[in-house]
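S.K.: As given, the protein sequences belong to chains B and H, one line each in that order.
Residues 1 to 415 (the UniProt record's numbering) are what the first sequence spells out, left to right.
Residues 1 to 415 (the UniProt record's numbering) are what the second sequence spells out, left to right.
Keep in mind the hints are simulated off the structure, nothing from the lab.
There could be a bad hint or two in this list.
It does not matter which identical chain is meant; a pair holds if it fits inside one copy or across any two.
Below, a list of computed lysine to any residue pairs in the SDA-like style, where the Cα atoms sit at most 25 Å apart [unchecked claim]:
id, residue 1, residue 2
1, K284, W218
2, K203, H229
3, K284, E222
4, K203, M235
5, K284, P91
6, K284, D270
7, K284, P234
8, K284, N387
9, K284, L257
10, K56, L184
11, K284, D220
12, K56, Q120
13, K176, R33
14, K284, A274
15, K56, D113
16, K203, S236
17, K284, E250
18, K176, P122
19, K284, A251
20, K203, Y237
21, K284, G269
22, K284, R253
23, K176, P91
Note that the structure is predicted; figures quoted are calculated from it, not measured.
Number of protein chains: 2
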Amino acid sequence: MSVTPAPHIDGQRLWSSLMDMARIGPSPNGGSRRLALSDEDIAGRRQLLTWTDALKCEWRTDQAGNLFIRRAGRDDSLPPIGIGSHLDTQPLGGRFDGILGLLAGLEIFRTLDEAGITTQRPLELIVWTNEEGSRFAPAMGGSGVYSGRLSLEAFRNARDRSDMSLGEALDHSGFKGSLTRDDLPLGAYLELHIEQGPVLERKALPIGVVSGVQGLRWYDIEFTGDSAHAGPTPMSYRHDPLLAATAFIEAMRETVLADVEGMSRLTVGDFQVAEPSRNVIPGKVLLNVDVRHTDEARLAELDGLLRDHVAAAAEREGITARVEELWHMPVTRFDTTLVDDLSAAARAHGLDPFTMMSGAGHDAVNLSYVTPTAMLFIPCREGISHNEREYAEPEHCAIATQVLCDAVLRAASRP
Amino acid sequence: MSVTPAPHIDGQRLWSSLMDMARIGPSPNGGSRRLALSDEDIAGRRQLLTWTDALKCEWRTDQAGNLFIRRAGRDDSLPPIGIGSHLDTQPLGGRFDGILGLLAGLEIFRTLDEAGITTQRPLELIVWTNEEGSRFAPAMGGSGVYSGRLSLEAFRNARDRSDMSLGEALDHSGFKGSLTRDDLPLGAYLELHIEQGPVLERKALPIGVVSGVQGLRWYDIEFTGDSAHAGPTPMSYRHDPLLAATAFIEAMRETVLADVEGMSRLTVGDFQVAEPSRNVIPGKVLLNVDVRHTDEARLAELDGLLRDHVAAAAEREGITARVEELWHMPVTRFDTTLVDDLSAAARAHGLDPFTMMSGAGHDAVNLSYVTPTAMLFIPCREGISHNEREYAEPEHCAIATQVLCDAVLRAASRP
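Chain B on its own, in the form it takes in the complex (with noise of 0.2 Å):
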């Protein structure tokens, strides 16, 4: 296999793009407000189109509104290396996550015109239709109708507060389109983010290579007791839903504090009392439970381990107990030789290929599903993202988009 000597990039170029996009949908306090398929949303898509009919890429959309902006390659009818990921926000939202994957896709773009330089393989920049979610449930939405795991449909007649529907936004905004993944086969697909978390910051290393998605459980957990008045009933005498709930919490911290490699992670995100008052013992406390592993057998252990924690927090209070499972979302292996052409890269930079596991979503959990996959993270600073004070440093954003570059050559390479 022949790679082709990597050239490059221009990190300053990179950060300018950044604080160019950043000036689109700006948020009162320095962050981004560009909600999918609003009209910021539509001006940051034309504004990368901009950049990029600069460099005589064509594009298409398909039937999602997803946008594939197409460099050509040695041999355009090999399925090509698609650089993808968001342009959209959250309503006070920041400068990086997700426009950093497209403009460190547009870098690459330049840097390899400026070296005159003609890939084996097309390459795709992928604009995914909204990822974020926050207007239109459920988040990931074009790259789940692109994979085949959300239907046109479903992703269609999602509603915003104003009661508008995705599928009337989509239809005004100048990007429906009506190819599907048949007519845009990829070969594989890299995407750079923020890490969104502490992890890299932490331990002081500019990027990380991510070798997959954590998997997840969410419950809705009831438990019902009797409401009694506080003063006139004796402890023994009651039967205190609340005090099965903090049983169960505090049974389940214990079960994933002890694993030792840290990977197991337990969230109550909300703990509701049904009409509570002060001096009133509760009878109904309803928990939002979220679970996590990156082991997927670990993950079933901790969902047993879950309903046996709940069972015997509820025998101890005398009381009755419901668990319902509202979402199991499987690990997600990302593709090993992608990973290893980012570690590879990684190391031809001189930094320590440290791999990890994604704890958050992305399209790319979407995209393994129907072609190699892998994702690069960079730290984020002190792990804030989906807020204004959202900050990526400039070399770090220099650093990776360098990395993926190297990684999208020798992906385009081969055969």
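Please build the complex by placing chain H on the supplied structure of chain B, with the hints as guidance.
M.R.: For chain H alone, coordinates are given in the frame of chain B:
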């Protein structure tokens, strides 16, 4: 001390009065709805006065609208023995909470009339205004003003949901008076009430002699950590205030259950997560905590332990916590002579003079600050109160009224 031989009260007549009163302001499912100073509450008072007018009793009201219905004694210069409670109810309240205490007094008046008994001291049947506090907060307002523990101004300024003040409602009720405690002194005060808890029913006891009211301390406890995304944040990097809250609750539960006498009580009536989201580690959690004990020193100990547990839980999670005490109602000890009177009367009727502390507040708590006071409880079904399903057995109402009658005669004979 000479004690007039006790005549027999008429349990059937008492029950009829209870059912007649329940026809005034009936609630949809067989309970009562007589909000303080509402038309229904006023009609209830008028009904009671119709009954006592037939007994040739005179009545007066004080500045808080408390209604004093007097049965003359042999020596009207002596401070009378008060028998009281309230006629107002919760919005969907029961037929016994408060009402029983007054109709028991009415039955005693009727019984004494039939037996041709005039007590040494006069008797006062007292209807306290706004005991429930559900239309106008705070509760126990009328007895609060009488006892000087609540200012008349604060009492009158309380407003209902339609923004009417209690003062306005009182001025239009026909029960506004100008008298104060100076004009209406009491020599002692006795109150019969349903327990509003499960203890007597579980012990299969028809009555309980109440020797005091447990003290309580109310707290708002706030745990503040770092909000972060559930997926990308390893457990060891988290500062989760929800896990501190559950650690605190479990530790406080252990402390309370370690009290072998079972007099310590802990209720967490609300557990609020600020800006809850299923896959976000909470940034802040607020607990509403109610701690009670029948012994003031032990209550102080519990306060210290609560603060220790909060600090330890916050430390475990590496977060901050704040404890705010909202209310401290010290333990009330009733008058031992009156408690002995009730116990002796119970024994005289072959009953176990089971002595207990009240878990709920009553007008008697306010009265205990200004005159010797005690209470008598009867069971209520399943301990349920403040509910249309509230129920007390006719035979328990009757036997307790008999015991109360005997104790009243004993107290009224005391020089």
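S.K.: Now tell me, hint by hint, if it's right for this structure.
M.R.: Each hint, compared with the structure:
1. K284 x W218: Answer is both; intra-copy 20 Å and inter-copy 21 Å each pass.
2. K203 x H229: between (51 Å within a copy, 18 Å between copies)
3. K284 x E222: Both, since 7 Å and 22 Å are each at most 25 Å.
4. K203 x M235: Between copies, since 15 Å is at most 25 Å while 48 Å is not.
5. K284 x P91: Classified as between; 22 Å across copies, 34 Å inside a copy.
6. K284 x D270: Both, since 14 Å and 11 Å are each at most 25 Å.
7. K284 x P234: within (19 Å within a copy, 30 Å between copies)
8. K284 x N387: between (34 Å within a copy, 17 Å between copies)
9. K284 x L257: Between copies only: 22 Å across chains, 28 Å inside a chain, cut-off 25 Å.
10. K56 x L184: within (19 Å within a copy, 99 Å between copies)
11. K284 x D220: both (13 Å within a copy, 21 Å between copies)
12. K56 x Q120: For K56 and Q120, the Cα distance is within 25 Å only inside one copy (18 Å; across copies 111 Å).
13. K176 x R33: For K176 and R33, the Cα distance is within 25 Å only inside one copy (22 Å; across copies 61 Å).
14. K284 x A274: Both ways: K284 and A274 sit 5 Å apart in one copy and 19 Å across, limit 25 Å.
15. K56 x D113: within (10 Å within a copy, 109 Å between copies)
16. K203 x S236: between (50 Å within a copy, 13 Å between copies)
17. K284 x E250: Answer is both: 18 Å inside a copy and 18 Å across each meet the 25 Å cutoff.
18. K176 x P122: Within one copy only: 23 Å inside, 91 Å across.
19. K284 x A251: The answer is both: 20 Å in one copy and 21 Å across copies each meet 25 Å.
20. K203 x Y237: Answer is between: at 12 Å across copies they meet the 25 Å cutoff, but 51 Å inside does not.
21. K284 x G269: Intra 17 Å, inter 11 Å, cutoff 25 Å: intra and inter.
22. K284 x R253: Classified as both: same-chain Cα gap 22 Å, cross-chain 18 Å, threshold 25 Å.
23. K176 x P91: Within one copy only: 23 Å inside a chain, 58 Å across chains, cut-off 25 Å.
In terms of the numbered hints stated before, the structure departs from none.
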